[in-house]
Amino acid sequence: MFPGWIIDALFWIALLFLVGVYVSWRATRLDRLHVRVETARAALDAALVRRAAVALELAASRLLDPATSLVLATAAHEARTADADGREFAESDLSRALRAVVDQPEFAATLEDRGDGKAVLDELAAAAAKVVYARNFYNDAVAAARTARSKLLIRVLPLAGKAPLPDFFEIDDDPPKW
Amino acid sequence: MRVGIVCPYTWDVPGGVQQHIRDLAEALLGFGHHVSVITPADDDAPLPDYVVPAGRAVPVPYNGSVARLAFGFLSASRVRRWINEGDFDVLHVHEPAAPSLGLLACWTADGPIVGTFHASYEKSRMVSVTAPILQSALEKITGRIAVSEAARKTLVEHLGGDAVLIPNGVATEKYAMADPLPGWPGRNGVDQTVEGGGTLGFLGRMDEPRKGLPVLLRAFEILGRERPGLRLLLAGPGDADDVVAKVSPELRDRVVVLGMVSEEDKVRAYHSVDVFVAPNLGGESFGIVLAEAMSAGAPILASDIEAFDRVLRGGRAGALFPVGDHEALAAAAGELLDDPARRKQLSAEARAAVRVYDWSAVARDVLRVYETVALDGLTVTASGRGG
Chain P
89 MFPGWIIDAL FWIALLFLVG VYVSWRATRL DRLHVRVETA RAALDAALVR RAAVALELAA
149 SRLLDPATSL VLATAAHEAR TADADGREFA ESDLSRALRA VVDQPEFAAT LEDRGDGKAV
209 LDELAAAAAK VVYARNFYND AVAAARTARS KLLIRVLPLA GKAPLPDFFE IDDDPPKW
Chain V
134 MRVGIVCPYT WDVPGGVQQH IRDLAEALLG FGHHVSVITP ADDDAPLPDY VVPAGRAVPV
194 PYNGSVARLA FGFLSASRVR RWINEGDFDV LHVHEPAAPS LGLLACWTAD GPIVGTFHAS
254 YEKSRMVSVT APILQSALEK ITGRIAVSEA ARKTLVEHLG GDAVLIPNGV ATEKYAMADP
314 LPGWPGRNGV DQTVEGGGTL GFLGRMDEPR KGLPVLLRAF EILGRERPGL RLLLAGPGDA
374 DDVVAKVSPE LRDRVVVLGM VSEEDKVRAY HSVDVFVAPN LGGESFGIVL AEAMSAGAPI
434 LASDIEAFDR VLRGGRAGAL FPVGDHEALA AAAGELLDDP ARRKQLSAEA RAAVRVYDWS
494 AVARDVLRVY ETVALDGLTV TASGRGG
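Residue numbers (my numbering), protein chains in the order written: chain P, 89 to 266; chain V, 134 to 520.
Bound conformation, chain V alone:
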């Protein structure tokens, strides 16, 4: 299948939409499909083979912040030429409501168009002046995808209609293998948990109460005293001093706060812990951190909120404890630390369970959408006349 993907934001600036498109395009290429991505980028920007530049993006105020977008006659004619030369079976436009390449592509193209909506906002910034302009372009989209329940809700409320839900994937392979951080034995090191040692890990915003770090710290007050060698490895944004101040002085030297970590160190952190704890109090729809830890094969102990219960298959792919209950957390963590066989089993189960969230599964679903809207023998065409 020949697929043309339209990226609305500059390729070389990191962002969720760009990452999504990159992972999707590479998964589709891996299946053996033809993929071409058009994106705002300088003509001499270093781009992967499958990416076509549509000219520079201009910083403009949009949706309450400054976004780098591409619009205007030059961009429009480049998009038109790209569509006509691409001979695509399906055109896949990302964030079509943003005033960038996606909207231009919808405007000019005829044929099967899939649109993916990423953004979600509480209040509508779409004013009534722009509604008819948007409507006439967006009503050409034949299949709409939302990446989250929130994005779907935003779409339904602001534009009407509906969309199918295909959540973002996790590049599980990226997390599968890594060396532990220096100074940490990791799960393949000498099993020192029998000596009352071992490591509990946490990753997430440390200053956001809903991520549940205080529950873990209270549990550590119990566990740390029972097990003189036990250490706590914390990573994520937030003030390290604030966190350490909450721990009793005699336990402080066993709490290591990494703060914000690079992507690479994050992967290594998942491989440095004996039990990864997700003590979240709620508000998670999926738990990307949990999925990453599962991809790394970390044995998991998580609060039994609905989202985690589902991802962890009711406790088969990771142990669960009653949400907010630090004593139960301490007891469950203690059991896991004393039971290497159980940890090994949880690790294997987690790696297997997370496969359904892998990018290859997401790409498979997106491909099914393509096959649903594609028309036999017809490709996407572009005309000068829009609307």
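Bound-form chain P, shown alone:
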């Protein structure tokens, strides 16, 4: 027979091992959530840059009247050059500018009759829709990460490392409709 202290020691080792496995599992999950937030953020940035680029392309296409071109180009330029603080406002302004431009009477019909207008319009629709999707997926990831970060175990143990608590990205991204 084993002496009692060996049984005790084995028990504690086994318990420590299980706790270790559990903590490491939680840490893996949290790490994965952080990766998901970063990936989603990169996708969101790509979608926003793409939308601004398509807006600039439309503005520069000579398919529009100069005033409309100017409205679009200004909004797209503001969105691309805004700093972190002004980003959400600038992107919302671009959404509004796009809607105002597309809402002009007979806008889509007129554009579709001109050269490659149909192709540019299709690209604009895709780019605007992808901003909506990418932002939804990013905020969803942020919500999941923030929930995980608020759990007791994560707050007590330094499992989150130095990763900053991610922030939601709130803009008006209603796409233009035609």
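Just so you know, these hints were derived from the structure itself, not from any lab.
Positions of the beta carbon are idealized from the N, C-alpha and C atoms, including for glycine.
A couple of the hints might just be wrong.
What the hints assert, rightly or not - From the structure, some residues in chain V lie toward chain P, with a derived Cβ separation under 7 Å:
| id | residue |
| --- | --- |
| 1 | 294 |
| 2 | 501 |
| 3 | 505 |
Said to hold, decoys possible - Partial list, computed: chain P residues near chain V (C-beta under 7 Å):
| id | residue |
| --- | --- |
| 4 | 91 |
| 5 | 222 |
| 6 | 232 |
Since the structure of chain P is provided, determine the placement of chain V on it from the hints.
Positioned in the frame of chain P, the structure of chain V alone reads:
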């Protein structure tokens, strides 16, 4: 793009999710993408080329009914092998919260995962015991789609987070062409409406008051007397005798109740009527029946509830009447029956307007989701270690 789609329910049993996956996969294949679907099915089951069987599904009680699901080590290892061999840019998992292949796929896969949530229920059947198991698998999904506002609400309430809304599509092509039912001239037959004839059609649950059949029957009491040749063609579940009993005896022989019809006869019914009436009183979020009738090019007369007003573009793609007002319905139907040119125009407008609900449009939106989550040069991988 290489897409792997996971179907949680047995392929050969008819169901909304399976139908959705079939239509989506075929639309994506039509765009020229590579699609592989894995589903519970016997190895020798007859399946389309793009479908891979993951073994038999077992009937188990789940969510208040018996569902045929696939789980266990064998299914898990087949899913893992399918993912690793598939080299997918995106993995698209349907109904990932069901204890079937979708959950297994989420568990084992790493990379861009899109999840589509179909189910909606009033009360949560998800118990707290299952929550952590589900959470750890579901939090790997990078993009979530809900097929209806109700499904989205269920998702938000029970799992948290959010989803983008991409509603189901209508396979408009399937409804575009058909012969009228035997005994009905159809819209391309001799235009007998000038003789006070013609046909009004209705399709939907006949015993569900919100579908509005009583409004149409009251309108027929007026119209049927004015127009001795006018007939009413009704299809949908419900007791035929109950319906006929509500009609005055002298008009009864002009009310034809088909009851439940096959998919094929349904299409033919849409092509048998001169005016398709949707007298719904409310509660419709979209109106799949309306979209089907529009795909068939039936001239439409619908109540002006919000959903119909939107689908019919404020009356351009179909005439509208004040909801529940049988006199207005009768007047509007009379005008349409007397005006073949207007019916022709409405028919063309309806066919054009319904295109935005076509599967190709839905697949285009889903593809945009794929492009949003896909990562350059990285494919989905599967490991033995889950969680």
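Hints, one by one, checked against the model:
no.: 1; hint: 294; verdict: 4 Å, holds
no.: 2; hint: 501; verdict: 5 Å, holds
no.: 3; hint: 505; verdict: 5 Å, holds
no.: 4; hint: 91; verdict: 37 Å, violated
no.: 5; hint: 222; verdict: 5 Å, holds
no.: 6; hint: 232; verdict: 5 Å, holds
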